[in-house]
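Residue numbers (my numbering), protein chains in the order written: chain V, 42 to 407; chain Y, 42 to 407; chain U, 42 to 407; chain Z, 42 to 407.
Derived from the structure by calculation, the hints contain no laboratory data. C-beta: ideal position from N, C-alpha, C; glycine also. Where hints are given, some of them may not hold.
Derived SDA-like pairs (lysine to any residue); straight-line CA-CA distance at most 25 Å [stated by the list, open to error]:
no.: 1; chain 1: V; residue 1: 142; chain 2: Y; residue 2: 308
no.: 2; chain 1: Y; residue 1: 142; chain 2: U; residue 2: 75
no.: 3; chain 1: U; residue 1: 239; chain 2: Z; residue 2: 304
no.: 4; chain 1: Y; residue 1: 184; chain 2: U; residue 2: 157
no.: 5; chain 1: U; residue 1: 239; chain 2: U; residue 2: 228
no.: 6; chain 1: U; residue 1: 239; chain 2: Z; residue 2: 306
no.: 7; chain 1: Z; residue 1: 372; chain 2: U; residue 2: 324
no.: 8; chain 1: Z; residue 1: 142; chain 2: V; residue 2: 113
no.: 9; chain 1: V; residue 1: 142; chain 2: Y; residue 2: 320
no.: 10; chain 1: V; residue 1: 372; chain 2: Z; residue 2: 113
no.: 11; chain 1: V; residue 1: 95; chain 2: V; residue 2: 210
no.: 12; chain 1: V; residue 1: 184; chain 2: U; residue 2: 407
no.: 13; chain 1: Y; residue 1: 372; chain 2: Y; residue 2: 250
no.: 14; chain 1: U; residue 1: 142; chain 2: Z; residue 2: 306
no.: 15; chain 1: V; residue 1: 142; chain 2: Y; residue 2: 268
no.: 16; chain 1: U; residue 1: 101; chain 2: U; residue 2: 252
no.: 17; chain 1: Y; residue 1: 372; chain 2: V; residue 2: 324
no.: 18; chain 1: Y; residue 1: 239; chain 2: V; residue 2: 306
no.: 19; chain 1: V; residue 1: 372; chain 2: V; residue 2: 99
no.: 20; chain 1: Y; residue 1: 142; chain 2: V; residue 2: 308
no.: 21; chain 1: V; residue 1: 142; chain 2: Y; residue 2: 313
no.: 22; chain 1: Y; residue 1: 142; chain 2: V; residue 2: 318
no.: 23; chain 1: U; residue 1: 184; chain 2: Y; residue 2: 158
no.: 24; chain 1: V; residue 1: 142; chain 2: Z; residue 2: 113
no.: 25; chain 1: V; residue 1: 142; chain 2: Y; residue 2: 324
no.: 26; chain 1: Z; residue 1: 142; chain 2: U; residue 2: 316
no.: 27; chain 1: Z; residue 1: 95; chain 2: U; residue 2: 309
Here chain V is said to cover these stretches of chain Z; the calculated rule only asks that three of the stretch's residues, wherever they fall, bring their Cβ under 8 Å from a Cβ of chain V [unchecked claim]:
no.: 28; segment: 54-65
no.: 29; segment: 69-77
no.: 30; segment: 119-128
4 protein chains.
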Amino acid sequence: MAGNSFGQLFRVTTAGESHGPGYVVIIDGVPPGMPLSEADLQPDLDRRRPGQSKVTTQRKEADQAEILSGVFEGRTTGTPIAILIRNQDQRSADYAEIRDKYRPGHADYTFDAKFGFRDYRGGGRSSARETTVRVAAGAVAKKLLANIGPEPGRGVRVVGYVIQIGDIVANVPDPAAVTLDQVESNIVRCPDPVAAEKMVALIGQVRREGDSIGGIAEIVATGVPPGWGEPVFDKLKADLGKAMFSLPAVLGVEYGAGFGVATARGSQNNDFFLARDGRIVTATNRHGGMLGGISSGMPIVLRCAVKPTSSLPIEQPTVTRAGEPTTISTKGRHDPCLLPRFIPMAEAMMAMTLADHYLRHRAQCG
Amino acid sequence: MAGNSFGQLFRVTTAGESHGPGYVVIIDGVPPGMPLSEADLQPDLDRRRPGQSKVTTQRKEADQAEILSGVFEGRTTGTPIAILIRNQDQRSADYAEIRDKYRPGHADYTFDAKFGFRDYRGGGRSSARETTVRVAAGAVAKKLLANIGPEPGRGVRVVGYVIQIGDIVANVPDPAAVTLDQVESNIVRCPDPVAAEKMVALIGQVRREGDSIGGIAEIVATGVPPGWGEPVFDKLKADLGKAMFSLPAVLGVEYGAGFGVATARGSQNNDFFLARDGRIVTATNRHGGMLGGISSGMPIVLRCAVKPTSSLPIEQPTVTRAGEPTTISTKGRHDPCLLPRFIPMAEAMMAMTLADHYLRHRAQCG
Amino acid sequence: MAGNSFGQLFRVTTAGESHGPGYVVIIDGVPPGMPLSEADLQPDLDRRRPGQSKVTTQRKEADQAEILSGVFEGRTTGTPIAILIRNQDQRSADYAEIRDKYRPGHADYTFDAKFGFRDYRGGGRSSARETTVRVAAGAVAKKLLANIGPEPGRGVRVVGYVIQIGDIVANVPDPAAVTLDQVESNIVRCPDPVAAEKMVALIGQVRREGDSIGGIAEIVATGVPPGWGEPVFDKLKADLGKAMFSLPAVLGVEYGAGFGVATARGSQNNDFFLARDGRIVTATNRHGGMLGGISSGMPIVLRCAVKPTSSLPIEQPTVTRAGEPTTISTKGRHDPCLLPRFIPMAEAMMAMTLADHYLRHRAQCG
Amino acid sequence: MAGNSFGQLFRVTTAGESHGPGYVVIIDGVPPGMPLSEADLQPDLDRRRPGQSKVTTQRKEADQAEILSGVFEGRTTGTPIAILIRNQDQRSADYAEIRDKYRPGHADYTFDAKFGFRDYRGGGRSSARETTVRVAAGAVAKKLLANIGPEPGRGVRVVGYVIQIGDIVANVPDPAAVTLDQVESNIVRCPDPVAAEKMVALIGQVRREGDSIGGIAEIVATGVPPGWGEPVFDKLKADLGKAMFSLPAVLGVEYGAGFGVATARGSQNNDFFLARDGRIVTATNRHGGMLGGISSGMPIVLRCAVKPTSSLPIEQPTVTRAGEPTTISTKGRHDPCLLPRFIPMAEAMMAMTLADHYLRHRAQCG
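Same shape as in the complex, but just chain V (with noise of 0.2 Å):
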């Protein structure tokens, strides 16, 4: 059924395939008189495209988005916004050989189980490159964000990088001061230098072994005010887990303290309120900014465990559409690693969510 739109006022809802035309999204529930141009949207299109570096894929997209509505004079008009981004590079003869085998890690053999045919041409609807026109969205949710308090384009912002990749741990001291110029500085996103070069490196030589590998990102919201998120179903952590957990191979994710919190003590594990500067906050942020399900106003930290590709050069054991057993090596060109183009993925999803409990927040509270 309708499992395409995600957010209640700021709703978004997309449509496309990897190797069809293109894909649209309509973005419904945007304040109007807000500025806004195609210019917002290519920076973090741009983030996400393939072939950026030597560790993405070498699909080549150019990505250009097409305002197609909701816009008028460079400003939001209040009705629904409609981005189109055609696919270039859509080669689907590099997939011939998935039509009638499964690959591991892969939708195929769900979406044969749900659909009972598919789009055998790649990914088709389950292909991460559907997150372009999310990214796309993201950028607008960004410039509402940036946009809401005192001080234009001071307001929310939402900052994700990379914290681990195989072995290789991130040194992060403060996830709240980490700026999009340090993570965009590295092409792996990674806002510690020392542990980007490392990974970098490992990437390079899992790429060579004809594998992949994991890891973690991190994405942080800071100026959120307190008071955003529902109590109970539509706590703010559960929307932003379901915001994280729709995409692609994210199996774990957690906030603050996360899985720590197993063997924590409660009077180890809570943060203790106090006020400064005539703000209430807490002295630590092991909750990782809501209680309750509420935002309160402390940095929105949440981590997100993302799996090795599943594509891979070598030869994989699988079966046909028919059960027999064969081998598969998928040609087409993937990326070794999944985070680097992760993050703006991540971070488009946390604007998005964080702009409709804003609306939603406006709307019940004034």
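Take the given structure of chain V and dock chains Y, U and Z to it, following the hints.
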């Protein structure tokens, strides 16, 4: 705004607060003709009930459900099922102190920030007592799921258990083989009897120290056919993730290999397909039962990290509503470890999510 | 599927049947801090209550509401408001005959066709008694609306009345000037006292003849500022239209000039704009208060055509469940004319729709 | 907020404005495996297209649809179907005058009141041109409906026609017997050829007078099985009513006997049940095909009152944005009567609503 509903087709809406008259849930979308009575709800309500053992809070609640609608002559009619559970042991006097102080780790401050004031007699809407009616709704979902497939009562099954408390980790070789009887054989709901004994001892110790302890729950669904879920935003893992994070105290969720994928190579991490008894399965289940957001037919396995109870009898520093430094020690009746009572809550959320996706799949794919 | 909720942000979900324990409504999304108690609900519940006068059914129901949640110390908390109204005078014995026969004009046959069986003790879920809790929810919406704008209690006002019963048409020169006192000054709820007297006589006559009679209600909202509504699918007239057609027995809805536009020229039909007291208004209100689906600031005026009661004491031909010809005469207690009790139901639906669009407008446009 | 989607399971979201690059629609929830191509969309697009005859506007638009997604090798895949229709003949110069003046009967003023500014090149989002993509989505819904039941292509059928323009009323003895061929046999889409000729003459006359004229459309669905719809808020008549009122210029909607019920006695108005050919039917169809919000198996018959075009070549008084009195005569290309092109729009909305309730019924009742 309206954030107190869960699910699209199997749709659950709850209301109620910990110190008001009681809780009500409306379950909309249940297929007609399914046998149902209050007796179907009580076992899980009893598993969630406070005061059930020495490792839980001593608040006394019978938690007896009254079905107000949607059932006629012992069968569901297809109209919404309303269930009422009245509060009994409210003792709001216990909570007088929290009127003007913010309890660390609780939603007191964030509620005030959001709504301007709050029901200061207890957790109010953010109390974990709200899950009582979720558990009732989950019991309806479990019954629906159990009757899917050729053998009534032997369809989809959801079982959860405690896999870790503090540093004590249970040995559970096959998540899909754990039975409800095993889980209920001890008061911590851990199917490994050796670990269970140590967990009981640990909880007793932290309670005596006026402290609390966290842990990890594992929730497993077996019998889910391949094909449930959606490819993009409403991935089954995304909706299950939201479901789990909508529960209080959950700071992390992971599927299958979970955060372990960060250090894995693709060649190790992929689960290879093979045919067994005429069905396509995977040799291993590192993917946790879903690929591309759609069930693979393998057991769905997820884990939730649950923080240690924030309410502590020992003194903790905090501030008053006015921001003045103070201390607080919670005299209320609280669980020293949330995990044993968390199990039926998490099972309920998984069952509701699966019931919803069952109906969604049937709607589109017949 | 889940079809028992109404509204997006002011979201109302109902459950209950005419011969079960009672009805419950959950109202989600009400802003916090609004004064509210059961006393706010009772006046409209009394206007809808059976047995209120000689022109209505004699079923006896106190229809006393219990607020179960969402209100603390006399004010809404922002959490969902659950309201319970128990049934008292069920007398299902009256309905024994309808178990195996299909009443003309009722939903007996269509329920069986949809769900396979039904609660044969009465109308079950399709009984107009379901509107009891809608009226309670409408009273909450009315209170919210009344407090919009600079003068508390004098914001948006919703008033309905009977404008036609059978051939008797009331003379109401200015719909926006009708007061609740005028409406309540007689038992048919018609603000034209001359027509009202004739209507009472006509209803008495059809009752004595074992028959029933239809009519038209007019519902008016004043004080709605320009700008509420949406341009496309969720036009205010579309959502109000759905609201009215969701009520039993409504076969027609029209706004402003209504079906009269069929024979009108554009030059006659257009309402010209002019400025008055610094506001832009229209000279006439043939458009009924909405243009392009958005409120114009003029009074919203709609009319509903309500069919004559289908249940009749006289014998009517019909079939049994098995399709055998038979006759039926409904011995139950029914209104000879639905209009007088329809008024508070329709007001409630209009108020809920307006409250929802108020919050929706605030969400997007601040 | 997000108000540009329609339907729950067959879910249609549109974007686009009359003078922007074009329109896009995303249709989510279409079952997989249904044959579909652009050729299925074009016939209805051509029926809606401007410039099709002397009784319509002369704006030139090819209205050629491009399917961007959701179809592979000629069949739907179950993923969302995006359809793009670009604008061609925009001529915004025609509309220069309306930048600062409010056209009577249009949404210019209400858009400014809601959003603070508007796309002044034409109707913008509120232009009836938005229905282009609704008609494309409706064609998909029609195809789905036609294939329900034992005989592919002969399932549920939706046909609309003009039944009244001005004082000219068509003679249509049996709504369920009207064929598409009859409707398309003349340029006003009236199945009564005598009335059709008079209607053409009347439209010609009002056009020459610089005026416009209203009318009534009748839309009929045959082949709908009993059991579709929901008992309470989402009654089939409620959702169809919303569907129709979501179309521009509709001021009234009625079913079956419609407003005629106001003067009817129950004994005259009830449709008696009888068995015919093993099916339970009603002897008459005053109820319009739905009882208690659920389809009865009888033809669904509704009528829409459509106002005369508000844009007129003759001078009409109005105000400027600043509230100064002025006059306006619309030089744009407009239909002197909206009815002929309204028919495919209304059919599309009925088809979408029925397709949605078909899937909803299947979800809950199997």
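Now for the hints, and whether the structure bears them out:
no.	hint	result
1	V:142 - Y:308	holds (18 Å)
2	Y:142 - U:75	holds (24 Å)
3	U:239 - Z:304	holds (14 Å)
4	Y:184 - U:157	holds (20 Å)
5	U:239 - U:228	holds (12 Å)
6	U:239 - Z:306	holds (16 Å)
7	Z:372 - U:324	holds (23 Å)
8	Z:142 - V:113	holds (18 Å)
9	V:142 - Y:320	holds (15 Å)
10	V:372 - Z:113	holds (23 Å)
11	V:95 - V:210	holds (21 Å)
12	V:184 - U:407	holds (17 Å)
13	Y:372 - Y:250	holds (14 Å)
14	U:142 - Z:306	holds (22 Å)
15	V:142 - Y:268	holds (17 Å)
16	U:101 - U:252	holds (22 Å)
17	Y:372 - V:324	holds (23 Å)
18	Y:239 - V:306	holds (16 Å)
19	V:372 - V:99	holds (12 Å)
20	Y:142 - V:308	holds (18 Å)
21	V:142 - Y:313	holds (12 Å)
22	Y:142 - V:318	holds (19 Å)
23	U:184 - Y:158	holds (20 Å)
24	V:142 - Z:113	holds (18 Å)
25	V:142 - Y:324	holds (16 Å)
26	Z:142 - U:316	holds (13 Å)
27	Z:95 - U:309	holds (23 Å)
28	54-65	holds (count 10)
29	69-77	holds (count 4)
30	119-128	holds (count 6)
Every hint from the earlier list agrees with this structure, and none is contradicted.
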